[in-house]
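**Student:** Chain by chain, the residues run as shown.
2 protein chains.
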Amino acid sequence: MKLTIYDTTLRDGTQGEGMSLSLDDKLKLAKRLDEFGVHYIEGGWPGSNPKDMDFFREVKKLKLGHAVVAAFGSTRRANIKVTQDDNLAKILETKTKAATIFGKTWDFHVREVLKTTLEENLNMIFESVEYLKSKGLEVIYDAEHFFDGYKANPKYALDTLQAASKAGAVYLVLCDTNGGTLPAEVCSIISGIRKKIKTPLGIHCHNDCNLGVANSVAAVEAGALQVQGTINGYGERCGNANLTSVIPVLVLKLGIPVVSAKKLTELTELSRYVTEVCNMPLERNQPFVGKSAFAHKGGVHVNAMVKNARTYEHIDPKLVGNATRFLVSELSGKSNVLLKAKELKLDLNNETPETRKILEKVRELENQGYQFEAAEASFDLLMRRIMGKEKKFFAVQECRIHDEPLADRDVTSHPTVKIQTPDKKTRTTEAQGKGPVDALYNALREVLIQYYSIIQDIHLIDYKVRVINESAGTAAKVRVFITFRDEKDTWTTVGVSENIIEASWQALVEAIEYKLLKGEKI
Amino acid sequence: MKLTIYDTTLRDGTQGEGMSLSLDDKLKLAKRLDEFGVHYIEGGWPGSNPKDMDFFREVKKLKLGHAVVAAFGSTRRANIKVTQDDNLAKILETKTKAATIFGKTWDFHVREVLKTTLEENLNMIFESVEYLKSKGLEVIYDAEHFFDGYKANPKYALDTLQAASKAGAVYLVLCDTNGGTLPAEVCSIISGIRKKIKTPLGIHCHNDCNLGVANSVAAVEAGALQVQGTINGYGERCGNANLTSVIPVLVLKLGIPVVSAKKLTELTELSRYVTEVCNMPLERNQPFVGKSAFAHKGGVHVNAMVKNARTYEHIDPKLVGNATRFLVSELSGKSNVLLKAKELKLDLNNETPETRKILEKVRELENQGYQFEAAEASFDLLMRRIMGKEKKFFAVQECRIHDEPLADRDVTSHPTVKIQTPDKKTRTTEAQGKGPVDALYNALREVLIQYYSIIQDIHLIDYKVRVINESAGTAAKVRVFITFRDEKDTWTTVGVSENIIEASWQALVEAIEYKLLKGEKI
Numbered sequence: 001m002k003l004t005i006y007d008t009t010l011r012d013g014t015q016g017e018g019m020s021l022s023l024d025d026k027l028k029l030a031k032r033l034d035e036f037g038v039h040y041i042e043g044g045w046p047g048s049n050p051k052d053m054d055f056f057r058e059v060k061k062l063k064l065g066h067a068v069v070a071a072f073g074s075t076r077r078a079n080i081k082v083t084q085d086d087n088l089a090k091i092l093e094t095k096t097k098a099a100t101i102f103g104k105t106w107d108f109h110v111r112e113v114l115k116t117t118l119e120e121n122l123n124m125i126f127e128s129v130e131y132l133k134s135k136g137l138e139v140i141y142d143a144e145h146f147f148d149g150y151k152a153n154p155k156y157a158l159d160t161l162q163a164a165s166k167a168g169a170v171y172l173v174l175c176d177t178n179g180g181t182l183p184a185e186v187c188s189i190i191s192g193i194r195k196k197i198k199t200p201l202g203i204h205c206h207n208d209c210n211l212g213v214a215n216s217v218a219a220v221e222a223g224a225l226q227v228q229g230t231i232n233g234y235g236e237r238c239g240n241a242n243l244t245s246v247i248p249v250l251v252l253k254l255g256i257p258v259v260s261a262k263k264l265t266e267l268t269e270l271s272r273y274v275t276e277v278c279n280m281p282l283e284r285n286q287p288f289v290g291k292s293a294f295a296h297k298g299g300v301h302v303n304a305m306v307k308n309a310r311t312y313e314h315i316d317p318k319l320v321g322n323a324t325r326f327l328v329s330e331l332s333g334k335s336n337v338l339l340k341a342k343e344l345k346l347d348l349n350n351e352t353p354e355t356r357k358i359l360e361k362v363r364e365l366e367n368q369g370y371q372f373e374a375a376e377a378s379f380d381l382l383m384r385r386i387m388g389k390e391k392k393f394f395a396v397q398e399c400r401i402h403d404e405p406l407a408d409r410d411v412t413s414h415p416t417v418k419i420q421t422p423d424k425k426t427r428t429t430e431a432q433g434k435g436p437v438d439a440l441y442n443a444l445r446e447v448l449i450q451y452y453s454i455i456q457d458i459h460l461i462d463y464k465v466r467v468i469n470e471s472a473g474t475a476a477k478v479r480v481f482i483t484f485r486d487e488k489d490t491w492t493t494v495g496v497s498e499n500i501i502e503a504s505w506q507a508l509v510e511a512i513e514y515k516l517l518k519g520e521k522i
Numbered sequence: 001m002k003l004t005i006y007d008t009t010l011r012d013g014t015q016g017e018g019m020s021l022s023l024d025d026k027l028k029l030a031k032r033l034d035e036f037g038v039h040y041i042e043g044g045w046p047g048s049n050p051k052d053m054d055f056f057r058e059v060k061k062l063k064l065g066h067a068v069v070a071a072f073g074s075t076r077r078a079n080i081k082v083t084q085d086d087n088l089a090k091i092l093e094t095k096t097k098a099a100t101i102f103g104k105t106w107d108f109h110v111r112e113v114l115k116t117t118l119e120e121n122l123n124m125i126f127e128s129v130e131y132l133k134s135k136g137l138e139v140i141y142d143a144e145h146f147f148d149g150y151k152a153n154p155k156y157a158l159d160t161l162q163a164a165s166k167a168g169a170v171y172l173v174l175c176d177t178n179g180g181t182l183p184a185e186v187c188s189i190i191s192g193i194r195k196k197i198k199t200p201l202g203i204h205c206h207n208d209c210n211l212g213v214a215n216s217v218a219a220v221e222a223g224a225l226q227v228q229g230t231i232n233g234y235g236e237r238c239g240n241a242n243l244t245s246v247i248p249v250l251v252l253k254l255g256i257p258v259v260s261a262k263k264l265t266e267l268t269e270l271s272r273y274v275t276e277v278c279n280m281p282l283e284r285n286q287p288f289v290g291k292s293a294f295a296h297k298g299g300v301h302v303n304a305m306v307k308n309a310r311t312y313e314h315i316d317p318k319l320v321g322n323a324t325r326f327l328v329s330e331l332s333g334k335s336n337v338l339l340k341a342k343e344l345k346l347d348l349n350n351e352t353p354e355t356r357k358i359l360e361k362v363r364e365l366e367n368q369g370y371q372f373e374a375a376e377a378s379f380d381l382l383m384r385r386i387m388g389k390e391k392k393f394f395a396v397q398e399c400r401i402h403d404e405p406l407a408d409r410d411v412t413s414h415p416t417v418k419i420q421t422p423d424k425k426t427r428t429t430e431a432q433g434k435g436p437v438d439a440l441y442n443a444l445r446e447v448l449i450q451y452y453s454i455i456q457d458i459h460l461i462d463y464k465v466r467v468i469n470e471s472a473g474t475a476a477k478v479r480v481f482i483t484f485r486d487e488k489d490t491w492t493t494v495g496v497s498e499n500i501i502e503a504s505w506q507a508l509v510e511a512i513e514y515k516l517l518k519g520e521k522i
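Going down the list, the protein sequences come from chains L and P.
For the first sequence, our numbering assigns the number 1 to the initial residue and increments by one for each residue that follows.
For the second sequence, our numbering assigns the number 1 to the initial residue and increments by one for each residue that follows.
Hints are computed from structural coordinates only; laboratory data are not their basis.
The structure presented is a predicted model; accordingly, all values stated were derived computationally and were not measured.
Beta carbons: idealized from backbone N, C-alpha and C, even for Gly.
Zero decoy hints are in this set.
Mimicking DSBU-like on lysine-lysine, the simulated pairs with C-alpha atoms at most 35 Å apart in a straight line are: (1) P:307 / L:51; (2) P:61 / L:334; (3) P:31 / L:361; (4) P:151 / L:262; (5) L:357 / P:90; (6) L:477 / P:291; (7) L:334 / P:51; (8) L:318 / P:115; (9) L:477 / P:31; (10) L:318 / P:151; (11) P:28 / L:357; (12) L:28 / P:477; (13) L:334 / P:135; (14) L:464 / P:51; (15) P:477 / L:488.
Output of the computed footprint for chain P on chain L, the stretches with three or more beta carbons under 8 Å from beta carbons of chain P: (16) 15-22; (17) 176-182; (18) 229-243; (19) 277-289; (20) 313-325; (21) 460-466; (22) 495-501.
Next up, chain L with everything else stripped away, as it sits in the complex (with noise of 0.2 Å):
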């Protein structure tokens, strides 16, 4: 039998703090869940939420190629029958191919939340499993808090999984629902368990204690087929056990496919696409997936890394299709600067003074609140400024905002902007915008889409600020980023200031001077 991967980012993962999901988000998600390949979509929890029945109305339509879409809920309540359960008939109307029930598996729970007998419990796993599949549905048994239980009560625990069992679930997934179990207790439960249990257990972690990944991989190590996460590890408290890591784990350390060469590539995408529908901010040292998993910055690796980059990397960063990238920091050497410049096409060498010049000018501006790490863009523009390559697009002479009326929340931004353009000609234009960085986008969109067309496709797609001192209250530095894309590109600016607007100008400024330079290399 072959390991499956159980998605329940739609549903654990929204427990998580900041996570929000539209219906459209919802089907977004699964359908992309779909193509990437894995087995079976957790898309919600019909019986406690009304959005979550829309979906699973909506989702068929989608026609998904590949995986098995499920809808999740727990055993009937206590001493009623399986018929009058409101939670199952919920379920049963979601017309799904499968169902993921939980039931108690610690006795303390069965007393303390369910406030019910022991026994009462295991007729409650036993019926609850059996009704549905009796409904021709693929029963999936989620077994909650099993190693805590395991571990107060390992007989009572192992009655639970055998009423599931001889019922007919087709998996009994063992839960470390609050996160605290260790990896080789993980591994000796379920050796111990396999000898006893014929039906094929998964395992369903959370990252309370760092390990949730570290426990899957245990889990799949001592015998579990099926594996459950979250793309990113969203989920309650820390999070799911996350599925961008375990994957290629599985893949590439274990040599399970559970997805194929060729999807594993897109995990990267998948990724990024999850943290932007999911509003969520981007992790960047996420392993394999994260912006900096590949990212060198120290001299020593730097250099080794030009030699060979198997030195400093497990794996080919291809293979989840991220990639390498060196930075650029105040702690960098000539190599780091070099190598950048490579990257860029630009023409510098070790002995060329403008490295050094280079270096110089990033600790400088470092000292003052930049950051060109994750500013790429900006830093493009730096080199080629002290290489005396800039090109002059235009210039910006003066630039004004006018009233703000701010009381009655209905605010328009009237910005003047004074652009010296392409033909030598200064222009003064008046724009609008909701907000002033908007209202100073347009005011120099106005004028320069006149001189280069090219940036009419261009779009800002993130917009950051930070305060970097911190202690100087209100009147802080504050640091923007900003990011916009093409068709093709993403790219980032930085801008730094006392000033939000003057440091999102600055950013908005370069931002666009990027664009025109990226036109001209073409």
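Given the coordinates of chain L, work out where chain P should sit on it, guided by the hints.
**Tutor:** Frame of chain L, contents of chain P only:
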């Protein structure tokens, strides 16, 4: 022999993307790490970074009470004498008690990077360790790429350890430099080596497979006596083993008292202090110490938590200085709102009609882009407003901002703010500020301070902006979070608008209202 914790936040941590520490930052961190009780603090690499030499001079003046400060460097270069090596000379110049030097384990690296013979590499290790020891230093030997080297050529890898051991190293630290090793491998390799080598072993892991913590724990279980890592897992690429996870796992799960129970309760504060000094983004879902680490959102979990906290928490958060939180969002049930009300000491129960109204309002505002999970002060004000318990301390009638010349990069903002004061007068004030948010704050403060002296001691400590609907480009809505603190608390408020100034203004006004409300309650 007791297990020791070796912190390398100041050295390996600074290799992380976006990390940049001043001398002052490094000294602050060293002081705090010492107070917390780590056994070793790696201060820097004097041979590679001149700033690090200043650190070793200044750190002596701090008179640390507990930790040994170590200087980092490499074995001597090939084919020279130890006395001719700059890097070793710089280590001696620091006059620290301990030195940590790394050498090559992997035959591939000796050939490809050092470009020398396997024999000469053994000499380099032996002589470098012996030399520093002869000068009275405690020498820790870092075996770079140990696991990769051992898998490629176990005999040679062992020879390198033997060389350092014979020369008198106090620890042989096995480094998973590229972060590609699995816990089961770490365990079996260390168990094998321990039979052949008597010198205590240490472990130094990277997180490239999301297994940095698991590998460190596996090494300790297999007998390692030193764990190296960084606070918050900062470090190159995906970071180093995260000590804020490793330490509580060792203490609370394995019963190894690497720090006292009392010190452990300072872990969360330590993590946030380091985040702040390093000016890195707060990782909310970080195990043990994150703001979300014990935050409950799902209705079922919140319900059970009310009955017994052990049901969904693997440890008591107080043990690591963290706290349980209940989140309110569109997914919440009444339990969440009621618990929150209890936390805020507001009189609300299941029957109160306001409970449903609050839930509906939260859903409506979250649809518009607000988020209350991270802005609890705004949520507090919202609840009071709906319950008719709002207190109007002041009312803003009008607010304008004038002219901001931007092109000369020296900007002052001039807002005019018209406020109805507590004595029902209308006061108009014009203030100045560096940037519009600062100017608005100054204007508001100027008037209000005459009525409410308690706003004297509040300071803005964080200001975050995020684009909500990115597809709208520069006209997109932004969400602003503003965090203030006074002597006792910190509190966060939220504002949403298409205009960044307007959104900031909303959050600013609520932050001050909240402070006034807090003052009232006392």
